[in-house]
Each structure stands twice: as C-alpha cells, then as structure tokens.
Amino acid sequence: MITIKKNKNSRALKDAVELLSGVDLRVCFQCKKCSSGCPVGKLAKTRPSEIMRSLHLGAGDELLATDLVWMCASCETCSTRCPMGIDVAAVIDALRRLAIERGAPKPEGNVPLFNRAFLKTVETFGRSYEIGMITAYKLGTGKLMNDTEKFPAMLKKGKIALLPPRGGDKKTVKRIFKKIKESRGPKA
Amino acid sequence: MKYAYYPGCSAESTARDMNQSTLAVVKALGIDFEEPKGWTCCGATAGHQTDRLLAMSLPAANLTKVQDMKLDMVVNCAACYNRMKVANHEISSHPAIRQGVRDALDRDYDGSVKVRHLIEILLEDVGLPAINKSLKRSLNGLKVACYYGCLLVRPPGILKFDDAENPKSLDKLVTAMGGQSLDWPCKVECCGGGLSLSRTDVVVELTGGILEMASAAGADCIAVSCPMCQVNLDLRQQDINKQTGRNYQIPIVYITQLLGLCLGIGPGELGFEKLMVPATNVLKKVEVNKP
Chain U
1 MITIKKNKNS
11 RALKDAVELL
21 SGVDLRVCFQ
31 CKKCSSGCPV
41 GKLAKTRPSE
51 IMRSLHLGAG
61 DELLATDLVW
71 MCASCETCST
81 RCPMGIDVAA
91 VIDALRRLAI
101 ERGAPKPEGN
111 VPLFNRAFLK
121 TVETFGRSYE
131 IGMITAYKLG
141 TGKLMNDTEK
151 FPAMLKKGKI
161 ALLPPRGGDK
171 KTVKRIFKKI
181 KESRGPKA
Chain D
1 MKYAYYPGCS
11 AESTARDMNQ
21 STLAVVKALG
31 IDFEEPKGWT
41 CCGATAGHQT
51 DRLLAMSLPA
61 ANLTKVQDMK
71 LDMVVNCAAC
81 YNRMKVANHE
91 ISSHPAIRQG
101 VRDALDRDYD
111 GSVKVRHLIE
121 ILLEDVGLPA
131 INKSLKRSLN
141 GLKVACYYGC
151 LLVRPPGILK
161 FDDAENPKSL
171 DKLVTAMGGQ
181 SLDWPCKVEC
191 CGGGLSLSRT
201 DVVVELTGGI
211 LEMASAAGAD
221 CIAVSCPMCQ
231 VNLDLRQQDI
241 NKQTGRNYQI
251 PIVYITQLLG
261 LCLGIGPGEL
271 GFEKLMVPAT
281 NVLKKVEVNK
291 P
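Taken in order, these protein sequences are the chains called U and D. Reminder that position 39 of the first sequence reads as 39 in our numbering, one-by-one numbering, no gaps. Reminder that position 111 of the second sequence reads as 111 in our numbering, one-by-one numbering, no gaps.
Only chain D is shown next, with the shape it has when bound in the complex (with noise of 0.2 Å):
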C-alpha cells in the first residue's frame, strides 16, 4: 500500500504531534508514505476567504505534483483535505476555473488525483479486521468523544466523508481499540477555526460549548482529527477556564494517538509531551507503562 502524503505545514509546527503520530501508525500497519518533493501551503482559510483563484491554484500545486508520482493523494489534516478536495470539484466542473489554474500555474490540470483522508485508509484500505490483528494495548474503556468538526464533512456533497451530521468513522477506530465512543451533539461542531487569534472571543465561546456537552457526557478525552481543532480545543482551555470559572482537563488528542498507543508505540515516539491539557489520564488507562 503506497501513497503520496501531503503533511500539510501545521505538520511542522502546531501539529508536529499529528504527523509524528500519523507516521509511526502507518509504519507500523505496513503503509508507505512518499511527501511530494516540494509541496506547499494549500491556501487554508485565508486563501478561499481571500480569493477564489488563488484557493483553487495553491492545492491545484500540490495536485499536480502528486499526479506526476503516479499516487492517491492521502492527507491527515482536514482543512487541507478539504481544501484539496474542493479545489478538484471546481477544477473538474468549471472550464473557467480550470483555465484560470491553468494560466497561474502553467500547467493544466484537470482535477482527476484521487484524494483521501487518513481515515478513510484506515478504514477502506487496510480495514478494522487487519488493525485488530495489529493492535498490540487496549484503551481498556476509555471514554472518548469523538470531535469530527467541520472541515472533514463538510460540504458533504463533495468531500463525500461518512454522514455529515452524524459520522462514525472516529468511533468506529475508538471501538475497535477497546475504548467507549460516546454519544454526544457536538459530533460536527465548530471550534471557531482559523478565527483563533483574530476573534478568540468567537473561538473561546464556541470551544466552551463544545468541552461542556464532552464534559457532560463524561468524557475522559476527546479524539480529533484537525489541527485547528485540536489547537483550539487544547490551548483555550486554560483561557476558558480563566473567563468561566470552569476547570476542564480535558485532553485532546489524535486519533492518530490512540491508535499509535495501541499499535504499541510509545507516547514519546507518538508527541503526547506536545499537548497543552497534559494526556496523564489516557496514559494510564491505556496503561502504557506496564510491559
């Protein structure tokens, strides 16, 4: 099983822990990972918000490179999955934009890479079957709730990502590994994403919405799959905590985490020392320290 991996730049730097992680756990499932040689920022927000073109032609960059690898294209962080995503769907069904992509980058492309998420390798490609077989630690009953926010579902008609309300790919993994996956609403709430330090006011307010109902529903942890998410989620606790009187611990972790811990890896090895709401309580239920 080969891929092209698009790490995505939060992969250097706010989410070092999810590419460590991501790259432990498909090395130790047997999955080959090649970066594209020179890949670059896929726009984010500030490129779709910003301008139209220059949303498609910054992904459609990317794009092209992993079209000459031969390769699906697989990605683990949502925005750029996303942005990946919907840049195909516009460069596939609008000539306008194709040709003005084309114009920006010299090149045509088409809109014809395959693009999927690390999820969905997990799930489709290598199955729940074979990462039993693999998983070598239990999440002994851990309770997680399973945070898909926004990027990842949605617009569902083109990322086509599990059910846009409701999804289940998370807790099907967190079921899997021996851990309970609650029910709870905030499935496919917003953190406030890329709006972290220009309204922290709109981020704080959704982000406390969102540890209340996973407070609520007892959560020992909540698995995400977006660096932005996980960012605001984990570092705003402590200004929630200040501006509420509240006083959540709770972790936020990847998905990519849990599995590596279950897979065997050490948390070292997996970037459990980067998180702001340190992940003791998960550690020890998994009971990483017992041989």
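If we strip away everything but chain U, and leave its shape as in the complex, we get (with noise of 0.2 Å):
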C-alpha cells in the first residue's frame, strides 16, 4: 500500500511523469487490467494500477520508493491490455528517471546500479560487455561472490565472451552519451 502525503512536491510529480512519459494520467478508470496482468505484481508491495491511482490523488515523491518501481520488468503487459491505451509502463520508466534524479532511496537489488554497469559499457565499448558489467555490478553492491559458480561452466561452453567486444562504432556512441549528458544538466 502507498501512503499518500500531501506536500508541495505532489503536483509536480504527476506533472513531471506526465511530461515525461508523454501519457494523459486521467484516462484511467481503475479497471485494474494492468495489475492482473502484472507478472511481478504477485511479487511486489505495490500494483501499477495502485501507482496510477496514488498519482491522481496527488502523490509525492514518496511513490519513487515503491518496490514495483525498481521491481518492474518492462515487460509491457500493462500497456498491451489496457482498455484506454494508456502506456503504463511508460509512466514506471518516467518514475524510475525520476527517482534516480530525486535521489530516492536505494531499492532491494539495486537496478539502477546495473543499468549504470551495463550502461557504462556500451558508452566505452560501443556494444555492452557482459563480463565487464556484471564485475561492475558486483563490486558495486559488494556481493562479488553471488551467483558466480555458473561462470567456469559458461566460459568452458563458450556461452560468454571473455573479451570485450570489437568493431562497433565508439565514437558515435560516445557523442551520444555525452549530448544526452548535456541535456540532462549538471544534477544527472
């Protein structure tokens, strides 16, 4: 459940996601299609139509520390099956951009640590680098020695690459990053 507290921050929650994700929040009337549908909606504290709603009734930042947020596979569902076409999951990316953007607090897991790790690769290498990621991910949460004991079996069948990729086009992608970095300012 999320507990709405009303502050001066809430309108401008709704207002930014809308901005955001570009989706028109009032269209949806509750007919909780989304949540059926959701596969990690039985996993989570929170459902997505319960974030659409907390949204109407002027939730603030308190809505980016939601499980579901962080917890969200983008696996479209919501969207597909909703009666008003409403992009639901559109809404999940424009409040993880904010919570990482507010600073909210730290989720279970640490997703956006891993989009960071494989992110980082892509912009030093042009095409992500698994083992390079995950390596980065592992230090970051300080767990190095999770789920490692698959790896000898990996290399061994050659369903990992060792080495970093080669070929793609860096300077490009690095034009990229550093434009939408400009972008987004000095807080991002």
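Incorrect hints may appear among the rest.
To be verified - Below are the DSBU-like pairs computed for lysine-lysine, each with C-alpha atoms no more than 30 Å apart in a straight line:
(1) U/K157 to D/K284
(2) D/K285 to U/K157
(3) U/K179 to D/K37
(4) U/K157 to U/K143
(5) D/K143 to D/K242
(6) D/K143 to U/K150
(7) D/K133 to D/K168
(8) D/K37 to U/K157
What the hints assert, rightly or not - Sample of chain U residues at the chain D side, in silico, Cβ under 7 Å:
(9) A73
(10) S79
(11) F151
Hints are computed from structural coordinates only; laboratory data are not their basis. All residues carry an ideal CB built from backbone N, CA and C; glycine is no exception.
Two chains, two separate frames, one set of hints: put the complex together.
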C-alpha cells in the first residue's frame, strides 16, 4: 500500500510523470487490468493500478520509493492490455528516471546500479560487455561471489565472451552519451 | 534476398548460439545478410529505463547506418528488434524526439528504415512452401512449447508482430518441420528479462512458472527467439531445481537451431554445445546421427 503524503511536491510529481512519459494520467478509470496481468505484481508490495491511482490522488516523492518502480521487468503487458491505451510501462519508466534524479532510496537488488554498469560498457566499447558489466555490478553491490558458480561452465561452453567487444562505432556512441548528459544538466 | 543484419551485442556473447544458427540457416536458404559496419548497442532495457532520448538515439545510430546501405534491417534478438521499432515509431511521430536524436547523432533521421524480425523474413519472404522444399530432416513429432516472451510481441501497436496474446509464428515453423507445437498458456508470459542479475529472485519465480507449464504440457523442449528468454530459462533451471526441489531438464533451444537441424546442418555449427541444459533428447528425436 502506498501512503500518500500531501505536500508541495505532489503536483510536481504528477506533472513530471506526464511530461516524461507523454501519458495523460486522467483517462485511467481503475479497471485494474494492468495489475491483473502484471507478472511481478504478485511479488511486489504495489500494483501498477495503485501507482496510477496514487498519482491521481497527488502522491509526492514517496511514490518513487515503492518497490514496483524497480521490480517492474518492462514486459509491457500493462500497456498492451489497458483498455484506455495508456502506456503504463512508460509511466514506470518516468518514475524510474525521477527516482534517480531526486535521489529516492536505493531499492533492493539495485537495478539502477545494474543499468549504470550496463550502459557504462556501452559507452566505453560501443557494445555491451557482459563480463565487464557483471564485475562492475558485483563490485558495486559488494556481493562479489553471489551467483558466480555458473561462470566456469559458461566460459567452457563458450556461452559468454571473455574479451570485450570490438568493431563498434565508439565515436558515435560517445557523442550520444555526451549529448544526453548535457541535455539532462549537471544533476544527472 | 538481401538484408542488413543487425546481430546485437548478445550475438557476440551469451547468444553466440543464436547468431551461429541464424547465419547457418539463412545461408542454407540462400538469403544474403550484410552486417552494418560498426553497429553498436541498441541500449536494451537499461537504456529506456534510464533516459527516453538515450533509448531513441542508440537504436537510431544503427538505423542510420542501415539507411545508408539502402536495405531493410533484419534482427533476430527480440529485445533489439523491439528497441529498433519503438525508436522508429517515436522518432517519426514526435518532432521533439526527432530533434533530440538529431542533436545527439549530428544527423537527421526520419524513422523510415524498415525493421523486420527474422521470423517475418522466414514466413513472409521465404515462405513455408520454400522452407518445406529445403527440409532434409523432420522433428519427428518433437513436442515443442513455443515461447515468444514479451519483446517480440509488445507493444503490439508498434511492433505489429503476430497476435500479442496468442502468437503462432514459431508454431507454424515447428509444424512445418514435423514437430508438434503445443497449446500452452505461457507463450507471452514474462521471464523477468533484464532482472536476471539484479533481482534473481524475481527471475527464478517467473521462469519457474513458465517451466512448470511447459512441463505440464509435456514439452520436450522450449523454442525461443530472444537471448534474454533463452539465458533466463536455460541458466536458471538449476537454481529453480535447487530452490523448489523440482528436476526440470527442459532444453531451451532457439527456433533457428531447430530449423538448422531440419535443414541438414550439424549441431556443432548451430551452437548446440553451448546450451546449459543439453538438448540430447532433441538431437535423438531428430535422428541427427542417421545419415
């Protein structure tokens, strides 16, 4: 359940979500089809329809700390089944972006750290580099040995590349990352 | 038939088996693939979870390369396919995004490069009659649960790939190859995707449910067309067995690996040895060792 705190930031969150996602939040009439189909809804404390309603009711930054924001697997079942054509998954993406920008409490499992580790390898090599990303993520979480027992077998079978990727147009990718950082301002 | 083939990053690492079998299959069918020089990452899930403009610019960098080749882009990785098509859609329908992408790339792109999935090429351009003629082996009634996952079919308004709730494209190929495609309820359920490392608990729960239904349907194997689905279902099987006391041994094969076998290509060339759960039962059923 989400406890809504009425404060001066409340309007700002709804407006910011609409601006970032391009979604008109008003058209949601709480049929809860998004929640019924959500594969992680049964595992999370929050459901997508609850997030939509909380935004209606003027929720503020406390919404950014709800577990579904980072447990959402981006499967887009919610957006696909919404009878009003709301891109619910885009709303969750917007909340993630705001959670990073506004420094919301770090969630369990740390998906933001994973995403940063992934994108850092893309920025460096032009293509993602799984072993580099996994190492950076594990260093960040401090749980280095978690889930590593499969690596020897994967390497032996050739199921994962040991060396970083080559041949990608690094120049263009570096330019993209630089421009995005500039457009987001010094806070990002 | 010539296309610009975008392999995607996984093709060089955890989905080398997908890439190998894709290239072997298209060669056998006489399709010409050319990689765009210097292709780069599509941004994947991490991209769109981080920044909308980043998530549009990274695919666009590749789409412009293909535009210069004057070919259609073909993708086999469901995740890359999804990102390319979503980027095309957003760029062509929102002038502000097109402008943002132009600033990031230092080049204008209108979102017009045609992006197709390999399955669409096989079914629409090559066609089942031509594939039938090229088949050298049969799946001999192999029971296959076709698993489409999320990114191949959603969002349907943009991807327009098959039916979003009950797709049949992979099933058509399996049937054509002499296999028995199973009617089962998890075709488009989510495997947990990119949460594999950051929320392994979620992925184990979701893949566990999918394996349970495939097993209940009597599947000899699950056929996929997405590297994330393949890795999650294949790699996490031992975790699920450990945590739940089950003993799933369901091979998770790429549809191109099955098609490759039926086109008479050897399992080595199709990357079968890379599967964590060995597909011994599949190879036996297809009678690969018989001449």
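Hint check:
With a C-alpha separation of about 21 Å, the suggested pair U/K157 and D/K284 falls inside the 30 Å cut-off, and the hint holds. Distance restraint check for D/K285 and U/K157: the Cα-Cα separation of roughly 23 Å lies within the 30 Å cut-off, and the hinted pair is therefore satisfied. This hinted pair checks out: U/K179 and D/K37 have alpha carbons roughly 23 Å apart, not beyond 30 Å. Using a Cα cut-off of 30 Å, the hinted pair U/K157 and U/K143 holds, with the two alpha carbons roughly 25 Å apart.
Between D/K143 and D/K242 the CA atoms are separated by roughly 26 Å; this keeps the pair inside 30 Å, and the hint holds. Distance restraint check for D/K143 and U/K150: the Cα-Cα separation of roughly 28 Å lies within the 30 Å cut-off, and the hinted pair is therefore satisfied. Pair hint D/K133 plus D/K168 holds up; C-alpha atoms about 21 Å apart against a cutoff of 30 Å. Of the pairs offered as hints, the one joining D/K37 and U/K157 holds, with about 28 Å between alpha carbons and a cut-off of 30 Å not exceeded.
With 7 Å as the threshold, the beta carbon of U/A73 comes within range of chain D, its nearest partner Cβ sitting at about 5 Å, so the hint holds. A distance limit of 7 Å between C-beta atoms decides the matter here; for U/S79 the minimum to chain D is near 6 Å, and the interface restraint holds. The beta carbon of U/F151 comes no nearer than 11 Å to any beta carbon in chain D, farther than 7 Å, and the hint placing it at the interface is violated.
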